[in-house]
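Novice: Each chain, letter by letter, is given below.
There are 2 protein chains.
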Amino acid sequence: MNPAVFSEALLNQLQNTQYGDQPAELYDPIRYIMNLGGKRLRPLMTLLGAYLFTDDWQKAVKPALAVEVFHNFTLMHDDIMDQAPLRRGQPTVHEKWNNNIAILSGDVMLVNAYELLLDVETPILKRVMSRFNRTAAEVCEGQQLDMNFETRTDVTEAEYIEMIKLKTSVLLGFALELGGLIARADDASVEHLREGGINIGIGFQLKDDLLDVYGDPAKFGKQVGGDIIANKKTFMLIEALEKAEGALKTELHSWLNRTQFDKAEKVKAVTEIYDQLGIRQIAEARISSYFAQGFANFEQVSAEPARKELLLQFAHQLVERES
Amino acid sequence: MNPAVFSEALLNQLQNTQYGDQPAELYDPIRYIMNLGGKRLRPLMTLLGAYLFTDDWQKAVKPALAVEVFHNFTLMHDDIMDQAPLRRGQPTVHEKWNNNIAILSGDVMLVNAYELLLDVETPILKRVMSRFNRTAAEVCEGQQLDMNFETRTDVTEAEYIEMIKLKTSVLLGFALELGGLIARADDASVEHLREGGINIGIGFQLKDDLLDVYGDPAKFGKQVGGDIIANKKTFMLIEALEKAEGALKTELHSWLNRTQFDKAEKVKAVTEIYDQLGIRQIAEARISSYFAQGFANFEQVSAEPARKELLLQFAHQLVERES
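Keeping their order, the protein sequence lines are chains A and B.
Residue numbering for the first sequence is 5 to 327, as defined by our numbering.
Residue numbering for the second sequence is 5 to 327, as defined by our numbering.
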């Protein structure tokens, strides 16, 4: 099986899904954000999860898209809350239209996600819906924690990991779990898929934090140092704030408190503080640990090795990402 | 059967429903808005709809609350969009907390509504969810149309009726339909309930527009003339804009265009224009017509007359409302 087959099936479903028609102000933003692209990791995970246990993975395509629509709904609403001007290099919905339209289009996107998710067989419908509801609530909890952290200076590493787990990873876990549920996998395998997805997801997000500081500018899609410039509370900064003492602590706080600064100078200075504190090594060790745990979870899944290989290859791509 | 039994069951369910716990900023606003009160018309309609066909109406209580939670989710988000400072005499969620919290709490409320709705029997789950999805999308469409109408001066009566049907009435129709579905009523009766709910709902909303102008200040909960002061595009104003000619037309537009005015004077003047155009009679005839159509729909429902009497009494209260 060539994994490109999954991507083609998803692309086809994306192009053929009707989100609604009138009023145009309500539905145009949905088509707009769904067409901005992205890696489509989540729906791909659902198809990979289903393929582990069945040749009839096509029946997972519409529910897989539900996960992608839900993900984009959270982006549309998060962008309002974060007052973000750009998403994937294009104007965000609230910038291109306005806040009210972004609120209401997002609401109807969430409804659309539920409608796509209805396309599972009746015996598993209640379980799928119940798990999706729990996941969706957790994603909202993660976003609220993220906003709460903005005004706090005492966020611990454990709190940060819990936040990214809720905001990002549980949906990756659900995407895999959903594939397993649709393919009627055994309960233990479904749970291993979910946990593996969560662990890989945490590693994935921590790698994002690492690449912001130590990524190769030629490969990293975003500006290297963007998080440092914005004082964003990433794993790197939280770890540095916990570890720094004496002069280094004073210097780090001084950079965090400056309102006027040369961006390149700040990135260089804060990166040097990270270097002295060994934050890169701490982060790399944590990332490796979460990825290893995720692979151990996948190891426990009862499926044909050849099929599992596709999932493992996919996970390896996430591990080795440079952008 | 004393209808107070239904209200007690709902109140009990309201008090025992857990919406979530942490972070508090996410879940406190849900408890806040759900405790602001209100007539609880929608969940009551679900229970009345179920009781038509079964003694086991208690199994409709949790799904009934789903409709009330969904309704309050729409209020929370609409209040942001309308920048409304008060809801039922208390600060709105975005005023008491902030816009971001109102967006995100609303999102998780919608998820909560879906979770409560899951409490129906498996054979009807897909149908219930599918109908709820359609209704929820229509409510969003209605809100978008309402916002679009604010900046238009050529809204027709037909467009206005369609807007209030979507924004308000389809949810009343769904509330009754849901009761019928849960009680496993025949398809024809379920459809008559839905259509009856929609027609009564349109009459109910038009009566709201009428009472704003011709209500008894001693009985009407809100300020009489509030819609006139705000130039709100109600049935009354749309009808007057369609009917007015010559000097009356000039005078009406003059009042609509003034930014400085004495409120009582404007209410008196516009009401006199409505009087001269016979808008009250036109509105009363339309309201009667929708209510009559609703009662004709209910007539067609196949249920014991004694049970149907409870629904008819409830609908009569809506017809005869003075507040």
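Check each hint, because a few of them may be wrong.
A few chain A residues that face chain B, going by a derived Cβ cut-off under 7 Å, partial list only [as the list claims (entries may be wrong)]: (1) His81; (2) Ile107; (3) Leu108; (4) Asp111; (5) Val112; (6) Leu114; (7) Tyr118; (8) Leu122; (9) Met133; (10) Ala140; (11) Gln148; (12) Phe318.
Calculated from the model, a selection of chain B residues having no Cβ within reach of chain A, i.e. all distances over 12 Å [stated by the list, open to error]: (13) Ala106; (14) Ile165; (15) Lys226; (16) Ala234; (17) Thr275.
No wet-lab data here; the hints were simulated from the structure.
Predicted, not measured: the structure shown is a model, and the values here were computed from it.
In this text, a Cβ means the ideal position worked out from N, Cα and C, and glycines have one as well.
Novice: Flag every earlier hint the structure violates by its number, smallest first.
Specialist: 12 and 13
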